[in-house]
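> The listed protein sequences derive, respectively, from chains H and U. The opening residue of the first sequence carries number 981 in our numbering; numbering runs sequentially from there. The opening residue of the second sequence carries number 981 in our numbering; numbering runs sequentially from there.
Remember, identical chains collapse to one label, so a pair may be satisfied in a single copy or spanning two.
With a cut-off of at most 25 Å between alpha-carbon atoms, the simulated DMTMM-like pairs for lysine to aspartate or glutamate come out as follows:
1) K1189 - E1282
2) K1426 - D1156
3) K1426 - D1260
4) K1189 - E1241
5) K1081 - D1137
6) K1426 - E1259
7) K1189 - D1280
8) K1306 - E1366
I should point out that these hints are in silico values taken from the structure, not numbers from a laboratory.
2 protein chains.
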Amino acid sequence: MVGTRKAIKTAALLILSLGLAMPASAEPVQLLNAKDFSEIRIGGDVFESELENGMKVVVVPDHRAPVVTHMVWYKVGAADEPPGESGIAHFLEHLMFKGTKNAPEGEFSRVISEVGGRENAFTSQDYTAYFQRVAKEHLETMMRYEADRMENLVLTDEQVAPERDVVLQERAQRTDRRPSARLGETLDQMLYPNHPYGVPVIGWESEIKQLNLEDAIAFYDRYYTPNNAILIVAGDVSPEEVMGAAERTYGKVARRAEPGERVRPAVQILPGNRTVTMEDPQVAQPTLQEAWLVPSYNSDTEAEAAAIDVLADILGGGTNSRLYRKLAVEDQLATEVGSYYRSTALDSGEFRIYGIPKDPANFELLEREIRAVIADLITNGVTEEEVARSQRSMLASTIYAQDDQGTMARIFGTALTTGSSVAEVQEWPQSIAAVTPEDVQRVAAKYLEGPSIRAYLLPPQRETAENTVTQ
Amino acid sequence: MVGTRKAIKTAALLILSLGLAMPASAEPVQLLNAKDFSEIRIGGDVFESELENGMKVVVVPDHRAPVVTHMVWYKVGAADEPPGESGIAHFLEHLMFKGTKNAPEGEFSRVISEVGGRENAFTSQDYTAYFQRVAKEHLETMMRYEADRMENLVLTDEQVAPERDVVLQERAQRTDRRPSARLGETLDQMLYPNHPYGVPVIGWESEIKQLNLEDAIAFYDRYYTPNNAILIVAGDVSPEEVMGAAERTYGKVARRAEPGERVRPAVQILPGNRTVTMEDPQVAQPTLQEAWLVPSYNSDTEAEAAAIDVLADILGGGTNSRLYRKLAVEDQLATEVGSYYRSTALDSGEFRIYGIPKDPANFELLEREIRAVIADLITNGVTEEEVARSQRSMLASTIYAQDDQGTMARIFGTALTTGSSVAEVQEWPQSIAAVTPEDVQRVAAKYLEGPSIRAYLLPPQRETAENTVTQ
Chain H
981 MVGTRKAIKT AALLILSLGL AMPASAEPVQ LLNAKDFSEI RIGGDVFESE LENGMKVVVV
1041 PDHRAPVVTH MVWYKVGAAD EPPGESGIAH FLEHLMFKGT KNAPEGEFSR VISEVGGREN
1101 AFTSQDYTAY FQRVAKEHLE TMMRYEADRM ENLVLTDEQV APERDVVLQE RAQRTDRRPS
1161 ARLGETLDQM LYPNHPYGVP VIGWESEIKQ LNLEDAIAFY DRYYTPNNAI LIVAGDVSPE
1221 EVMGAAERTY GKVARRAEPG ERVRPAVQIL PGNRTVTMED PQVAQPTLQE AWLVPSYNSD
1281 TEAEAAAIDV LADILGGGTN SRLYRKLAVE DQLATEVGSY YRSTALDSGE FRIYGIPKDP
1341 ANFELLEREI RAVIADLITN GVTEEEVARS QRSMLASTIY AQDDQGTMAR IFGTALTTGS
1401 SVAEVQEWPQ SIAAVTPEDV QRVAAKYLEG PSIRAYLLPP QRETAENTVT Q
Chain U
981 MVGTRKAIKT AALLILSLGL AMPASAEPVQ LLNAKDFSEI RIGGDVFESE LENGMKVVVV
1041 PDHRAPVVTH MVWYKVGAAD EPPGESGIAH FLEHLMFKGT KNAPEGEFSR VISEVGGREN
1101 AFTSQDYTAY FQRVAKEHLE TMMRYEADRM ENLVLTDEQV APERDVVLQE RAQRTDRRPS
1161 ARLGETLDQM LYPNHPYGVP VIGWESEIKQ LNLEDAIAFY DRYYTPNNAI LIVAGDVSPE
1221 EVMGAAERTY GKVARRAEPG ERVRPAVQIL PGNRTVTMED PQVAQPTLQE AWLVPSYNSD
1281 TEAEAAAIDV LADILGGGTN SRLYRKLAVE DQLATEVGSY YRSTALDSGE FRIYGIPKDP
1341 ANFELLEREI RAVIADLITN GVTEEEVARS QRSMLASTIY AQDDQGTMAR IFGTALTTGS
1401 SVAEVQEWPQ SIAAVTPEDV QRVAAKYLEG PSIRAYLLPP QRETAENTVT Q
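For reference, chain H alone in the conformation it holds in the complex (with noise of 0.2 Å):
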């Protein structure tokens, strides 16, 4: 499975789309105040530790089910392959299920199965990532499972053709099939002109075709060392238990490689904006996105983060916010108008818009209303209660995703992969509430102003003029 990078690559934007989908004005919002702020720690009383090995051990605590999450995360990502082998991080994620020389292919899966457990795994620009979820007393068979293909996988070319035929039909299906698949594909690589996060996780079909058993073997035995690896449990389990079951599966991998340093390319800000279109006949409503890359939560030199991240919920983060208030309420223009922020990377974060006109027609219109709205937030600022209802709908956010444990992990392991630790996510909150109207305008002026690229997609323009001149 390929994560979309908005999918998964955020774990702020996680919180933040939980937090979408409550109704507007639900009530924790309303009992949340100021002081709530510095009580809150996301994931509560988060345990860490290491194994001798180097294999890191996160541990979150969930005591209402006797359920447990369990997830091992690899430090590497798209974003770490070699030159000409887009794809090889995906592809081995795939090839994880091939079996080992302890377990044939299937078993695993259908162990998981019988408990009533459910499994998947993930692929990012940033990280690799697979999981089950199962009633806790089976947290040590997943683990002696998982352990095991971390450094016995098997793999035949009679196993590695067929799986490259799936990943290419799945490129097909999803990204070349799909104008605005393919459209995100040119504006992540205009976006990034230099640097891998503008190569599509799951490849380039000419480089997918041509990846293969030793490529797949020496991505995994570069990077699937415990020592470049985290474990995450979350449920209904002790630390004791988790570090006792870890030293007996996980302690016993061999450390067989030193991945390095993840050094990449400085990401490359061009002067100018830049615009692409793809017009489509599969296209029924035009869309508009605009992308500026500004710092993530990791790249934050100048802790500026946390104020795009107000910003960016307050500009465009769900049916309160400026642009679906005037745009979509009470203008009637837009059936879709936002923004996000992709703040958990390694490298650079993303601030986009987005939006959809009502009437086709509308469509540059829709535009110039967007900017005026960008405009009228840089010159004339937010306000006190803007900030404060961001923070509150923010928070609120967080309490909910700790409902799911599932989510938790995720969160922690997306900033354990992207140069977060695990007090600044816990600390999230408040450097929130640090956040000041001043914070938000002052990035908004630096970054929005800014060099960007400009993404629409539409229908076909010009076929009947096109007609009457070919005639």
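Got chain H sorted already, so can you dock chain U onto it with the hints?
Relative to chain H, chain U alone:
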């Protein structure tokens, strides 16, 4: 000096662009007939050999004046750079003028200047070359200095840092301050989503800033070895004289590395058309371009390159072409309009069209009319007469090209560093002569109906409207 890819990448293009400088009905075109194609061998009696250390030697005779053009070509260019070090090939080219352990900075250039010679150097995606033009008696002196800097370059941090600033300045002036150059970079980037041809030869600013002495020396040590170099001498010398002097100079340079095969990612052609637009207040005349990936002479597995060459000439090569006659002469719509084929590259070639309307208001009309001309060519093909005229015109251009020994040296250097042989260059007229009208129509249909990137450079379009909304 960074050669723009348009200007220096393509030997056949060089020939054609010289051809374009001719009056449209210049006499040689009339004088040529079919027989001539079988007689012309580009460069005449070209001599080829190799020194014991693996350095290739090519001598192109030209005895009309007692001068020689002396070039050393390295089979390395920007597309061979390590990830994150874009610009290192060009930066090293600059640093090659910083002196050696035998000749302090400036000595070589002073000697050239004292004997009335001239010199330069250039870097492209696929090669880096150094040349001098001097009276024949100074040839061996040039060789001695050039051989010296092939192995004895001395660099200090004191030289490297200011030279990096020179390159940054060059980039700022030639690219970042010129909207057309910025758009050109973006067009290249979109044409080559996963291939180094999408990276500018001069490098990305953020990466140029990080280039250092160690990077430069590592690149020099790996690639500037005689077995990766080609000596090309065109002029009033015999092969024996050249070989004698080459053995006394280059022959003493030790083979100090094996650069290995030039393996790059397979070029990825994405489905669907993409349009990139750049608006800038500096733009006075709107321009449009469209680019398709097509085979180069080297990647031409289906023997289509010669037909594409003829297509580019018939469609848009000069004032007799279909596009120019129809849109510039008859309809008076365009001030410039045409097509060209970047045919000489180690990897993919490109087919491009371009247009500038006389009246900016006719931008969209011009684009539709260009498409109509292309659609007509695809549907109805080209005539025997058109093919014959283009063949004669292209051949006449090669005859003109032979008038300039520097151009001849460059044609062979370009070909030999991009996978072609001396014989292939020499027999190019016969390849062109074999092209039929059906060949031209077939490659037009095959490639020009496929995915393309369109690039528009426009003055600001919506300023008034935006002001209206935001006031």
